[in-house]
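Could you build all of it, start to finish, from the sequences and the hints given here?
Listed below, chain by chain, are the residues.
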Amino acid sequence: MMLQRIARRRLLGTQGSVGAAILAVVVAVAIYGVALPDSAGRERVAEPYARPGPGIPLGADDLGRNLLEQLIVGAGTSLSLAFIVAAITTAIAAVVGGAAGLGRRWLSTTVMRGIDVMLILPELILYILAAAFLGQSFGIRVAILSLILWPVPSRVLRAAVLTAWSRGHLEVARAMGAARWWLLARHASYLIGPLLVPIFVRTAMRAIIYDATLSFLGLGDPTTPSWGTTLYWVQVNGVFLSDAWTWWALPPGAAITLTVLALALIGIAVEDRLNPALKEAA
Amino acid sequence: MTQLDISAPSDGRRAYSRYLAGRIVEYAAVLLIALTLNFALPRALPGGPLKLFGSPEALARLTEDERAQIATQYGFGRPIPEQFLDYLKGVVTLDLGTSLSDGREVADALGGALPWTLLLVGSSIVITATLGVALGVVGALRRRRGKGSGLLAGAIVVDSLPQFWLGMLLIVVFGVQLKVLPTFGVSGIDGVTVGGVLQHLVLPVTTLVVTGMGYLFMYTRSSLLTVLTSEPVQHAHARGVPYGRLIRRHVLRPALLPVHTILMLEIGFLAAGSIVVETVFAYPGLGRLTFDAISARDYPLMQGAFLVLTVMVVLMNALADATYPLLDPRARTGGSR
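Sequence order for the protein chains is B and L.
Each residue of the first sequence is one higher than the last, beginning at 0 in numbering that gives the first Met the number 0.
Each residue of the second sequence is one higher than the last, beginning at 0 in numbering that gives the first Met the number 0.
Simulated from the structure, these hints should not be mistaken for lab results.
Please note: incorrect hints may appear among the correct ones.
[Stated by the list, open to error] Some chain B residues judged to face chain L by a derived CB distance under 10 Å, without partners named: (1) Arg112; (2) Val116; (3) Leu120; (4) Gly134; (5) Gly138; (6) Trp226; (7) Gln234; (8) Val235.
[As the list claims (entries may be wrong)] Every beta carbon over 12 Å from chain B, so not counted as near; a handful from chain L, in silico: (9) Gly89; (10) Arg144; (11) Val175.
[To be verified] Simulated coverage check for chain B against chain L, where a stretch passes if three residues somewhere in it have a Cβ under 8 Å from a Cβ of chain L: (12) 122-133; (13) 257-264.
From the three backbone atoms N, C-alpha and C, an ideal C-beta is built for every residue, glycine too.
Dropping the structure here:
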């Protein structure tokens, strides 16, 4: 029913539909990965460095672990981390951006100054530094990423709140003495709410890339297969110097690229749809 | 009778120094935060800050008393503010401790690696900024034609590539299959030569530029599109301003100002990318040093490398920021509206 409506109203356009389709496949793979036994991709099932063959379509790594299973389990690791981080960050950004947009002048100035300072510090370096010293378990990584990624979206949301606030119907309502929370809930939420979608998507993209980079540097959670960790072993073993790169290095990298690309396409499609409304508001 | 408040024409130079002063305060705050993080994180290490001074195996052999003794010797028992001052003193005098893996002074190791990273990141920033902005302008002006939409699609794809993976693919294609470019380190058989270094830079710089360009392209493009449809530009067009002049004076100037801000994010992105890219290409800079330090759990070296990388990003940002008033007359004269 909802899918039909989306299709009819061309909610996402061609680009966005392609993105949604790719993402749906990755999500399906991730769900399948959750159903696999705990040993999947973690235990020795074949000769080390085995070429692709029956039972191991993508061969085995240097410890004889199934590379296809690592790829499948990695989808779950990446997506769950990205979506949890994106949800937390979007929530923080909504509160901070809202406070900076609607709060008193001193609050707004302080928050914006703080954001400017945070923007100068390089996110990825901070993430690697913090993870190197604090630990690499799933919860810690989620916490660090959420603490690092909120400034950019907060700034976007503050701008959106300010733009919405200057619109005619809001000024009228304000002049009639409506409370701020009522204005926000009744008259501004439809303008600001949809913006949370691209913010969520963009944060998820950054989380996936950053976390893959961390694992690639050997700082991933050693007990959970992930795309970045597989590529760490590719790097350590110099796999791309042999022909094993086609089944060992290519799939996880392509998986990261496709997942991020899918999110980017969805984000751009939603932004394009929002654009007329934003232009009208300006 | 109340006096009319007519503000004097603002003094350009004073406004500029006020702008600079504000920024300097901001950057001092950033540096302080970076230093605090660098100071605090090792102290939050699971297993305690003693890990900074020895391998886990060596630490496991120590008795409780010996641990306590080392802790006092290095002052971990003292009040935190005192420790922090000591740490700052160490940073200023370049006393960053000794590496656990090879016993070198951390400052020496970092000093040897820094020029290589500056070379890699510096050239990448210049090329990324030039190409990204130029293509963004083309993409915006030719948006309805094949060239523009092709560029946009390319930028979206390129923006999704993980740097380490692109680096590996480049090694496979140009190093292993075609055998046309070196993929490892900076020196060939005849040692370190200018030509050799340039050759060795091609693939790492390409990796950074390609992955960094997409975002800059998209931002420049959308900034330009916003200005193109704005009223002043429409009006200038209606007035009959020639196309070239319209683009140069009325579109590019205002449209490229916000791009300058994005350049800052880009600097951080490329500096962080150097960690990954130097690892893939075995390039002897700070990034490679960081990776080796992480692999060996060499915490003093790690701490030092992160500090230098962060300070490098902050200083590059400050440099870019100081040039902003040259582009934006409003920041020069103090008229902020």
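Hints, verified against the model:
For B/Arg112, the shortest C-beta to C-beta distance to chain L is roughly 7 Å, which falls under 10 Å, so the interface hint holds. Interface hint status for B/Val116: upheld, as the beta-carbon distance to the closest one in chain L is roughly 5 Å, under 10 Å. Of the supplied interface hints, the one on B/Leu120 holds, with its beta-carbon coming within about 6 Å of a beta-carbon of chain L, less than 10 Å. A least Cβ separation of about 6 Å between B/Gly134 and chain L falls short of the 10 Å threshold, and the interface hint therefore holds.
Annotation: B/Gly138 was flagged as interfacial toward chain L, and the flag is violated, the nearest CB pair being 13 Å apart, outside 10 Å. At its closest, the beta carbon of B/Trp226 sits 9 Å from a beta carbon of chain L; the interface hint therefore holds under the 10 Å criterion. A cut of 10 Å between beta carbons decides the hint on B/Gln234: the least distance to chain L is about 7 Å, and the hint holds. Restraint check, B/Val235 versus chain L: the minimum CB separation of about 9 Å is within 10 Å; hint holds.
Even its closest Cβ contact with chain B, about 18 Å, leaves L/Gly89 beyond 12 Å, as expected for a residue assigned away from the interface. Taking the minimum C-beta to C-beta distance to chain B, about 18 Å, the non-interface status of L/Arg144 holds against the 12 Å cut. With a closest Cβ-Cβ approach of about 6 Å to chain B, L/Val175 is found to fall inside the 12 Å limit, against its non-interface label. Note: the segment 122-133 of chain B has 10 residues with beta-carbon separation from chain L under 8 Å; the three-residue rule is met and the coverage holds.
Only residues whose C-beta sits within less than 8 Å of a C-beta in chain L count toward coverage, and the segment 257-264 of chain B has 5 of them, enough to reach three; the restraint holds.
In this structure, the hints that do not hold are numbers 5, 11, in rising order.
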